[in-house]
Amino acid sequence: MTVTGFVTIDGVRKRWSPAVTVGPVSLEIARGEIVALLGPSGSGKTTVLRLLAGFETPDAGRIAIADEDVTALPPARRRCGMVFQHYALFPHLDVGENVAFGLRGHADPGRKAGEVLKLVDLTGFERRKPHELSGGQQQRVALARALAPEPRVLLLDEPLSNLDPSLRERTRRELRAVIKRVGITTVFVTHEQEEAFDLGDRVGVLNRGRLEQVGTPDDLYERPASLFVATFVGRANVLQGATARALGGSDGQVLVIRPEQLRFTDGGLPGLVRERRYTGAAAYYQVETEGGDRLEVVADPGAARVGDRVYVAALRVLAFREGRE
Amino acid sequence: MNSRLRPADRAAPGYRPMPSRDVSRILPRLGLTLLLAWLVLYPILVAVADAARGDALGTFVSRTGEWAALWASIWVSLASVVLAAAIGVPLALLFDWLDFPGRKTLGSLVALPAVLPPFVGVIAFLFLYGESGFVARAVQAVFGLNQAPWRLQGAGAILLVHAYSMYVYFYLFTRAGLAKLDASLIEAAQALGAGRWQVLFRVTLPLLRPALAGAALLVFMTALGSFSAPYVFGGGFRVMTTQIVATKLNGELPLAMVETVALALVAVVGLAVLRRTEGDDPLTALGKGTAPRRRAIRRPGVRGLATAAGWLLAALLLLPHLTLALVSLVPYGSWTTEAVPPVLSLVNYERLFDEPERLRPLVNSLWMAAVSTLAALVLALAAGALVGRRRPGGRGGWRGRGGPFRGPIEALVALPWALPGTVFAIALAATFSVSSPLTLHWILVGTVILLPLAYLVRNLPITGRAVLAGYRQLDPAFEEAAASLGAGRWATFRRVTLPLLRPALAAGASLAFVTALGDFVTSIVLYTYDNRPISIEIMSSLRVSELGVAAAFGVILMVVSAVVLGLGARR
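Line by line, the protein sequences give chains H and Z. Read in order, the letters of the first sequence correspond to residues 1 to 325 in this note's numbering. Read in order, the letters of the second sequence correspond to residues 1 to 571 in this note's numbering.
If you're looking for bench data, these hints aren't it; they were derived computationally from the structure. None of the values given here were measured: they were computed from a predicted structure. One or more of the hints may lead you astray.
Pairs of lysine to any residue residues, derived as SDA-like cross-links and limited to a Cα-Cα distance of at most 25 angstroms, are as follows [what the hints assert, rightly or not]:
(1) H:129 / Z:502
(2) H:180 / H:242
(3) H:112 / Z:491
(4) H:129 / Z:568
(5) H:129 / Z:570
(6) Z:104 / Z:322
(7) H:129 / Z:104
(8) H:129 / Z:322
Let the sequences and hints guide you as you build the complete structure.
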């Protein structure tokens, strides 16, 4: 395998117990790229991040940064900046001291810390203690602290999970802006698809310790490589048997159909509208087929009412072999 | 660069080369386990071996005095638990329920007995309630009696001192438990129609069970190991601790070993039984709720009564301290039959600080307490750093870091707490009195080293508990954050771990220091003339009737203890 990426994860494996193994995971990350690791809890995404940071040592495989094998390098010498889920701001130090913590040996730590704080728009907060800051400000201090020593790679562990939902979207955009301005290669972990799609140039989907697919958000949604990716990313109707066959599938196939790829038509699969959920621009309809399957259809708010008999047809289906994820 | 994980390794999945890191992980842990075992377990084993030798066991079994002392130890300890609970728990509940003038001040005064080292508390009681103490003299003067109205002696006297000094545990544990109590649980009970008493017996007290069991355990162990009160007030009434020391003074060493082992066994069984009642801590906060409102006493009469009762109690608690201070001002020979000392002066203190030889015990106690505390702190930090860390990783609950050494190290650190001080003193004396390869041929009996070594062993559980708790509360992300910012292991420890552990270190160190400073139990067995500590000097002063000097030393001990504890409790 030729090394092309700035960060190379090559066949890395970590075994926690006989039943819980992460990997082997292989991933190439280009310089300046933002990669999101997306997956349900326990899928191993945080393990991959911690392996990159050096907090865990892999049982097998190799990790390289800028062509340097860092597999056995301790965290202190990897030059990976990390933003922790709960930020881990040192409570006994003020903001300025926190940001300057990694600047030992720097010519002018105070000035550098000031610069980085300016980058995250926290100029003048140097003498505050972490507990005097709001959640969003703490998150930005954590980011500034990680960026101050000019690391080669930035690692973020669920960077937005500690914030109010109302704050998240704005913080997400600011975070992406700062990362792109610095131009640093970034890996972050999240279990929220929206976050991954919004922040990541590419998204890696993890399931049970395996990297199922790595691609752009469009790729993952339009061309999922596995049934798991198809159902984990975006809303999906998963169909088998008679209903699947009626919508264009064949024997032994599992069909995944996005709600917006189903339409009410004059002829097609017959069903009964059981529920209607109005969202403004459109409505989600729960349609029960004669076989008892439930389909979710996105359509015009006026397309049907609860209790109506309708016919459903699929514009586009994703077919997977049965019994395989 | 490391070549461990070259492609060759990948070719064989599951193959993991024996990394040198495993050795470097195991060695320090093994080393610490062995060091601790040598320090706290080996002396006990030596004592057991000595006890099994010869026919001392037969002597022990056949003497009724031995059985009487053993039984006395047990029932006095149990009675101490009951008395301490009977005072401490209602007091804590009252302070929690009622509001009256001076409540805050009183609430902290109530913990005052804690700053009296056991032996100092005992002599304060002697000065106060003893047959020639203030109270007895006052009664004598009022009623014109020829003799002292009572003798402060026997089991009753011991229990009086125990109740006074140990109710604090119940008081503090109950207050802490009440503070942790989720108020919404009480509100829920009230909403279901439970009245005040029903809430108390059906909700509050059951929820306080772990706190009460913890206090009961602490009181039982303290009372079982108590030496000062039985030594001074026991008279013919012997408990195991005084019996051991008496036997040793008689020169019946093998019998003293058997007695030591018997006391240790009672302690271990008591610990096991009481531990069982502790159960799991159900006091995990469910919701926030509002703290239950204290009921202000409105009726002026009741209010006045409550206030008066409160201050009377405070006076009662403060009397020993005041007595000590007063007696320390009495010059030698100036106080004979008067109810109140006729002359007061600072002469005792002046003499203390004028004559270096008189100050020696204070200097001895200070250096021995400091050195033993420091060493216990270092050992506790080593234990914490090696096996006390919480597992990293937020949600996953990843597999342990402590490894197989965690259990043994934690048990060894806690062991000295489970055994009375007399047991360790005797065991250490036995261990270091013969030249053996396992003691590195050190014969420490008769040297100044043995006593601070004993203090160290006794301090280990105190610092260990504090530091291990500190480590458990430490979010591993802090140390990882420091590492990811380029700080090496030592820099991380110095710049992050140590500052974060500071409150735990201060609390553990101050308590250990004060315990060692006021120690009497181990000192009386192991002191030499060159390292005689304050408590021994107090005892010698009492022997030659220099009450004022003894009290002056007591006051100094009390003040230093209070200051150190105050510093340790500062956030």
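Going down the list of hints, with the structure as the test:
{"no.": "1", "hint": "H:129 / Z:502", "in the structure": "17 angstroms, holds"}
{"no.": "2", "hint": "H:180 / H:242", "in the structure": "49 angstroms, violated"}
{"no.": "3", "hint": "H:112 / Z:491", "in the structure": "21 angstroms, holds"}
{"no.": "4", "hint": "H:129 / Z:568", "in the structure": "23 angstroms, holds"}
{"no.": "5", "hint": "H:129 / Z:570", "in the structure": "19 angstroms, holds"}
{"no.": "6", "hint": "Z:104 / Z:322", "in the structure": "21 angstroms, holds"}
{"no.": "7", "hint": "H:129 / Z:104", "in the structure": "30 angstroms, violated"}
{"no.": "8", "hint": "H:129 / Z:322", "in the structure": "44 angstroms, violated"}
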